[in-house]
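Chemist: Next come the chains, spelled out residue by residue.
There are 4 protein chains.
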Amino acid sequence: MNGFGKLFRISIFGESHGLGVGIVIDGCPAGLPLVADDFTKDFSRRRSGSKGTTPRQEPDLPEIMSGVFNDHTTGAPLMIHFKNTNTRSRDYSLLRDIPRPGHADFVALKKFGGYGDNRGGGHFSGRLTLGLVAAGVVAKKLLSPVVVESRILEVGGNPNIEEAVEKAMEQKDSIGGIIECRAFPMPVGLGEPFFDSAESVISHMILSIPAIKGIEFGSGFHAAKMKGSEHNDRLVSTDGKTATNNAGGINGGITNGNDLVFRVPVKPTSSIHQKQNTIHMATGEMTDLEIEGRHDTCIALRMPVIIEAATAIVLADLMMQAGLVPRIWAKKE
Amino acid sequence: MNGFGKLFRISIFGESHGLGVGIVIDGCPAGLPLVADDFTKDFSRRRSGSKGTTPRQEPDLPEIMSGVFNDHTTGAPLMIHFKNTNTRSRDYSLLRDIPRPGHADFVALKKFGGYGDNRGGGHFSGRLTLGLVAAGVVAKKLLSPVVVESRILEVGGNPNIEEAVEKAMEQKDSIGGIIECRAFPMPVGLGEPFFDSAESVISHMILSIPAIKGIEFGSGFHAAKMKGSEHNDRLVSTDGKTATNNAGGINGGITNGNDLVFRVPVKPTSSIHQKQNTIHMATGEMTDLEIEGRHDTCIALRMPVIIEAATAIVLADLMMQAGLVPRIWAKKE
Amino acid sequence: MNGFGKLFRISIFGESHGLGVGIVIDGCPAGLPLVADDFTKDFSRRRSGSKGTTPRQEPDLPEIMSGVFNDHTTGAPLMIHFKNTNTRSRDYSLLRDIPRPGHADFVALKKFGGYGDNRGGGHFSGRLTLGLVAAGVVAKKLLSPVVVESRILEVGGNPNIEEAVEKAMEQKDSIGGIIECRAFPMPVGLGEPFFDSAESVISHMILSIPAIKGIEFGSGFHAAKMKGSEHNDRLVSTDGKTATNNAGGINGGITNGNDLVFRVPVKPTSSIHQKQNTIHMATGEMTDLEIEGRHDTCIALRMPVIIEAATAIVLADLMMQAGLVPRIWAKKE
Amino acid sequence: MNGFGKLFRISIFGESHGLGVGIVIDGCPAGLPLVADDFTKDFSRRRSGSKGTTPRQEPDLPEIMSGVFNDHTTGAPLMIHFKNTNTRSRDYSLLRDIPRPGHADFVALKKFGGYGDNRGGGHFSGRLTLGLVAAGVVAKKLLSPVVVESRILEVGGNPNIEEAVEKAMEQKDSIGGIIECRAFPMPVGLGEPFFDSAESVISHMILSIPAIKGIEFGSGFHAAKMKGSEHNDRLVSTDGKTATNNAGGINGGITNGNDLVFRVPVKPTSSIHQKQNTIHMATGEMTDLEIEGRHDTCIALRMPVIIEAATAIVLADLMMQAGLVPRIWAKKE
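Chains as they are written, first to last, in this note's numbering: chain Z, 61 to 393; chain U, 61 to 393; chain E, 61 to 393; chain R, 61 to 393.
Please keep in mind that the hints were generated in silico from the structure rather than gathered at the bench. Each residue gets a CB set at the ideal place from its N, CA and C atoms; glycine is no exception. Incorrect hints may appear among the rest.
[Stated by the list, open to error] Cross-link-like lysine-lysine pairs, in silico, BS3-like; alpha carbons within 30 Å at most:
1) R:K287 <-> E:K111
2) R:K335 <-> E:K301
3) Z:K301 <-> U:K143
4) U:K66 <-> Z:K287
5) Z:K201 <-> E:K143
6) E:K232 <-> R:K301
7) U:K227 <-> Z:K285
8) U:K143 <-> R:K201
[Claimed, not checked] Only some residues are given here: those of chain E computed to face chain U with a beta carbon under 8 Å:
9) K66
10) L67
11) Q381
12) A382
13) G383
Whenever a hint applies, use it, and build me the whole structure from the sequences.
Modeler: What follows is the structure, encoded as C-alpha cells:
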C-alpha cells in the first residue's frame, strides 16, 4: 500500500505526467507553525537543474490543501499537492511494448496489465518523492532538537563528485553513489526488539525510495569482518555514550542515544543516452532502444534531502509512539 | 510491536530463561498438511552444538498448541510453543548494573525501567528466533514451488569457515559473517512501488533479527560504483528473464521473475570470553567485566535457516496479498 | 487515523470551509473502467437542496486527480478532490468560545487546542462524506454483481417522511431517522471469527460517519427478547439459504450467503434554528446561542447513499482479502 | 485476523476442545504489578455453573507464560494460556454434515473447507473469550482511575432475571438479553473524527464477541425518534459536563469527558434442548437434529465481564495513543 506509519502516517499518490503528485500526512499534532516558506530550503536542495541532474525545471511549489489554518496545523490531515506543469509526454510512447532496461516498465506491465500510466515513469517516478520531502519538512519540525543530516560520500566510486559526473556525462552514461545519513542528539528507547526494530522501520521506508538497493547501520557490512572485541562499543557514560559507534546508535533494535548512522547505495540512473538492447514484448524479438527525454546522470545528487526526509518521517512516528511528541504542539513551546 | 504481516501474520513472545518462547501464526490457509516431523530438518539446522555455536543443548521441540487438527491446519491461528528446559540463570545476575558491551542491556534498562527479564537476554535473546524458524516451515510449504535457500558466504572475512571459527575460539574472541539468500522461481508482481516494496518488507523483517545490521539486494552497495550501462539488466525473454541480475530480482519495488537475491552482514557475537571494560550504572565508574556462560563464537553459523524462514514468512504474506495462495489449501493440490 | 482498510484502503482529508475535501483510494485493481459520469447518480442522491436538507448548493463535482488513465484505473492510488466553492465563513466565528450543543466544538477545542479549523465544522463536517461517496462508487463496481442498497425506514419515529420533515421545519427543530442497508447476493465466507468479524469491520466504518450512534444486524436489539427456538435461522438449502434471516447474513462473524442486513439510527441534526443554552468557555457563564447559517432539518435524508458507500468500501476490502476481486480487472470480464 | 489494537495489541488463539486457548498481549508498559490473584475476581464472574449457564466446570486458571518477571510486567509480550481439561468431544461428531441452526457450522465448513476443528465450536467457541477477560484485567489496571462497569439490563425482554432463566430452562429453550456498559471518569479527547472514532473502535471490538449483534451509544436507536432540541446535550461546565448524556460521552467520534455509555443485545444461545430442523449437507435432505452436550440457557449472564474486558482493552489502546499511559508504569505511581 502507498501508506506508511502508525501514529504519524503518510499516503502518497500521483504520476509523473498526470495532473500532479501529492501526499496526505495524518497524525500531525495540532498547533505546529507551518508556512510556505518552511519548504523553500529543502525543495531547493531537491530541485533539478544542477550539473548531473535532469534539465526538467518544475517550480515544485507545494500547495497545502488541508490541515493548516492561520499558519498552524489543525490536527486534521495535511494534504500537500504539487501540480505537474512541465511534462513532455511524447518521449514515452513505446514503453509498453519495449521495456527499458533497469526500469519498472516490465513489472508494471505485468502487475497492472498494461493499464498503468507509463508516461515518465508514472507512479514509479522519482517525482513521487516530492511528497516525501514535504512530509519530511513537517517531520523535522516535530523532531526538534533532533536533527537529521545526509551527505554524499561518493559517486561512481569516487569522492570527487563534480569530476565523476562530468566524465559520466561525456560517456553518455550514468553513475551511482553512496549517501550517509546521521541523526542526533538521539533519545534512548526508540524501536522494539521485534519486529519494529529501529533498523527495521527505517529500512522499510528507505528501501521504498526508488534507486535505493541496500542499507547498513553503523559498521554494517564491515562488521562481518570484525571481531567481537573490536566491534563491541564500550560504554563510557551512564547516559549511554560509547567510545565507538559500530552499532550505528542501535542495540537490540532500540536507539541507544548515540548518533543514528546509516549508509545507502544509490544505483546508477537507469535511463542513459546510449543505445541499449531489450526485448519487444509483442514480437519476442530483441531490439535496440535509445531513450530520449530528460534524465539525471547521477540521481544520487538529489538523494540527500530525500533520505533525510524519509528518516525524519520514521523518527517522528517512533517518537510519537514513545510519547515524546506532544499532541498539541504549543505545549512543547 | 511483536507482530508482522498483513494476511499471513506472526506474533512472537517469550524469554530466553522464562517458561518458554513461541509464536502465533495467523492467516494460514486451512487444509495445509502439518505434522511434527515437518519441523525436524530446519530445527536441526538451527540447533546449537556444532563447533562455534553455544554448547547449550535444548531439545527445541515445537509443540503445536492450536490451529492444527487431524494433521492439517484448520484456518484458525497456530500457536507453536517451545519450553525452556536448559537454563542456567545464575550466569546473568549483574547485567542490570553493568551493561555488557554490544548487548541490549543498556537500552533495555532505559526502555523498560529495569523491569525487563534480563536473564540470558530475555526477550532480546536469539532464542526468540525459534518461533521464526517454525513459522518459516509453515511459510515454505505455502510458497511451494518457490524455494528459499540461504548460505554462508564468509565468516570473519574468510570463506574458509571452520578454520576461521577455530582461530577465533583460540583467541577467545567472536567473528561475524555474511549470509546470502536466494528465492526461486519467483512470481512476477510481488510488492508495491510505495511503501511496501519487496525490498522494504523483506528488509523490515530481516533487520529485526538479532545481529543483522544491513542488507543489500542484487549488486547492492557495489551498484554505487557501477555505470548505468553495466548495471541495467538486459531483458532476454518476454517472461522477464534478464541476462544479468544486478537488480536482485526486483524493479520499482516489484519482483520481476528473476531470482530474488540479497545478502546480510551478521555482526560478531557480542559475548566474548575476554575481559571487557564498561560502566557501572549506579556508580558511574568504569569497570572490567568478564562474561561467563555459554555463547556462540560465530552466530552467523546458525543464521542461514533463520534468514530463510524470515524471508519465507514475508514471501508467503506477499503471495497471499497477490492472490497466489489458495484460502483452502486442498484447492491447490 | 483518517484511514481505513487493509487491501482496499481509503484516506480522507479536508475541511468544510477550506480549499476542499478529498479522498485517496489505495489498492484498487488496475483496469477498472472509471469516468466522471459514473459518479453522477450517487452524487445527485447525496446532494443538498431537497426539502429538509441545507440550501447550500455545491456543484460537488469530483475531480479525479490521479490513478486513472485512458478512462481506466491504473493500479496506482486514486486521489479524488472536491473544491469548496460556496462557503460563508462569517456564520461560524464564535464557536471556539461558545461550543454548540450536540456538536464537536468542545472536544475539538480540547483535542486540538483551539488550532482546529472550526469554520463550518471543519474536518468534522458531513462534507467529508463526499469522499466516501466517491470511493463507494468505485467499490460498488468492484463488488458487482453484489449490490448494496439503503433506504430510510422512518424519520422522527414516523414512516411518513415528507410530513415529518415539514412539521419539524415549522417547529424550527430537527429530527433523526433510521436507515436500513442490505447487500445481496452475498458470497459465503467474508469476515473472521476474531477480531475482524464482518459485523466488526462494517460497524467500525459505519460508526465513524457523523450522526450515526448505533448499528444492529438482522434482528439486532430485538434478538435480546427472542427465544433461541425463534431466533435460530433454519437452513433450507446446502448453499446456506435460511428460512429466516435473524442473523442478518452473518454467523460467527462470517457471511453466510443470505442477505447482509443492518440498520442504523441517525441522530437529529445538532444545528437547529432555536435559541439554545450553553457555556462560555472563557467566562464559565451560561449563555444563550442562536445558530445561524444553513443546515439540514433531517440529516437522515442524505444518509442512504453514504451508508451504501461506506458498506461497499468495507465489502470491497473483505472480498479482496478473500481473493474474490481480480488484481487486474480485465481478467474478470 | 485474530489481532486487535495499535499500541496495546492482542492476538488470540485456541480451540474449545484442543489443548487450550490463550492470548498474546503486546505493548503493555513495563513495571505494572501483575500476579495470579489479580485475575481471580473477573474469572469468577465469567465462570460457568450458575443457573442458566453450562454445567461445564473448567478451573479456568490463567497461566502467565511470558512477559512477567518478579510480579511485574517486563515490557515484552505477555502470553496467557488456559489449558483445556474438561472436554467431552464425543458430543460434537456430526456437525460437519448437519450444521446446527444459529451456529457457525455452515460458514466454517465453507470458509475452512471442512478442515476446521469443529469440536465444541472450535475456534468460534465462547471459550476464546477467556483470553479477552485476561487481557481486560491487565487493561483495567492501565486505565486506572477510569473504571469500566457492565450490567445486565434485561434477559428475554424481562428485568426479572432469575425468573426468566428458569422459565426458559423449563421450556428447554434459550433467551437473550441486553447489557449496558459504562466507563468513568473519562478523559476528554480519545478517538478520531475518521475512521477511528471512539464509537468505531469500541464497536469493532465488541461486535467480534460471539452472540453480540448490535450496539448503541447514549440514546442510540431512540435518538432516531427524538428532536434536536431534546437530543442536544447542554454543556453546563467548562470541563465538558452536560446536563444530559444522549451522546453517550462521545461527540464527533471523540470522548467528551462524560460517562461513556453503550448497550448491546446478546442473542439467545443457539444450542437448545429441542429438536430442530436443518439440512444434511451431503444428501441435501432436511433432517431433525437434537443437540446434546452442555450449554448455557442464557449466554447474556456471562457477558458483563467480557464486555467490560473488551471495552477496557480498547480504552487502554486509545489512552496509550493519546499519551495518557506511561511507557514505564512506575512513573505513574
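Chemist: Against this structure, judge whether each hint is valid.
Modeler: Verification of the hints:
Simply put, K287 of chain R and K111 of chain E have alpha-carbon atoms about 17 Å apart, close enough for the 30 Å limit, and the pair holds. At most 30 Å may separate the alpha-carbon atoms for a hinted pair to count; K335 of chain R and K301 of chain E meet this at roughly 20 Å. Between the alpha carbons of K301 of chain Z and K143 of chain U the distance comes to roughly 37 Å, so the proposed pair goes past 30 Å and is violated. Between K66 of chain U and K287 of chain Z the CA atoms are separated by roughly 38 Å; this puts the pair beyond 30 Å, and the hint is violated.
Proposed proximity of K201 of chain Z and K143 of chain E is supported: the alpha carbons are some 29 Å apart, at most 30 Å. In summary, the hint linking K232 of chain E to K301 of chain R is supported, as the alpha carbons are separated by about 26 Å, within the 30 Å threshold. For the given pair, K227 of chain U sits about 14 Å from K285 of chain Z by alpha-carbon distance, which is consistent with the 30 Å threshold. Taking the CA atoms of K143 of chain U and K201 of chain R, the gap is about 29 Å. The hint holds against a cut of 30 Å.
Evaluation of the K66 of chain E hint against chain U yields a held restraint, the C-beta minimum of about 6 Å falling below 8 Å. Here the hint on L67 of chain E is kept, as its CB sits about 7 Å from the closest CB of chain U, short of 8 Å. For Q381 of chain E, the interface hint holds, the least distance from its beta-carbon to any beta-carbon of chain U being 7 Å, beneath 8 Å. With 8 Å as the threshold, the beta carbon of A382 of chain E comes within range of chain U, its nearest partner Cβ sitting at about 7 Å, so the hint holds.
Taking 8 Å as the C-beta contact cut-off toward chain U, the hint placing G383 of chain E at the interface holds, the least distance being around 5 Å.
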